[in-house]
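Student: Sequence:
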Amino acid sequence: MSWFYDYRAFAYVVSLGSQIAVFVSCYETRKIGGASALSLSYASLGLVCAVLTSVPLVIALLRDCGKNPVNVKTELICLPLLIILWLVVGGVSTVAKHHNFGYDDCGLFTDPTMYSICSYADPISTFSFVPAGLVISYELVLAFVAAYGVWGKKPVWKSNVRGTMMSDAGF
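Take any residue in the sequence shown, note its place counting from 1, add 7, and you have its number in my numbering.
Derived from the structure by calculation, the hints contain no laboratory data.
Not one of these hints is a red herring.
FRET-style restraints, in silico, Cβ to Cβ:
1. Cys113 - Gly24: 19 to 25 Å
2. Val148 - Val31: 29 to 35 Å
3. Cys113 - Cys72: 38 to 44 Å
4. Lys160 - His105: 49 to 55 Å
5. Thr120 - Phe151: 45 to 51 Å
6. Arg70 - Ile27: 17 to 23 Å
In this text, all values refer to a predicted model and were calculated from it rather than measured experimentally.
The beta carbon of each residue, even a glycine, is placed where N, CA and C say it ideally should be.
Let the hints inform the model, and build the full structure from the sequences given.
Tutor: This is the structure we're talking about:
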């Protein structure tokens with residue numbers, strides 16, 4: 008195992024934890040807000056994103072435990088899609104909070120429903136941007152290693168990250 012695989016496992020586990028936090032925050036926002044358009048917009052998007060992005064990460068981690076781990080090409084194709092989803096949820100929840108509640112503190116609301124919807128928007132955006140940042144850094148290093156391997160006439164597209172990918176590329 009290399010430091011690269013350890014960082015990948017760290018990024019995936021933290022991303023899964025963040026997606027659980029997004030799922031819970033979005034669920035609570037939907038439950039508190041009811042059918043209001045305010046709670047339906049970013050909370051629904053966050054729920055869908057949490058489910059859609061958690062499934063590939065769990066599958067990748069489970070495949071690494073077996074004999075058929077995920078290869079470099081698959082990760083270079085799939086991870087940017089997850090990153091885009093996380094950035095969209097974080098951006099939409101941030102814009103929705105500032106558009107609907109302004110830049111003031113949520114404690115200014117006397118209505119408990121509005122206070123709850125406002126206070127759940129920050130964790131949704133934060134826990135959406137955290138995995139995006141971690142996985143972007145992992146994706147950039149993975150792309151650099153793969154490009155370096157191609158440049159050195161040692162392509163690693165079909166290699167798995169868990170194995171000897173780094174040494175195959177010349178590192």
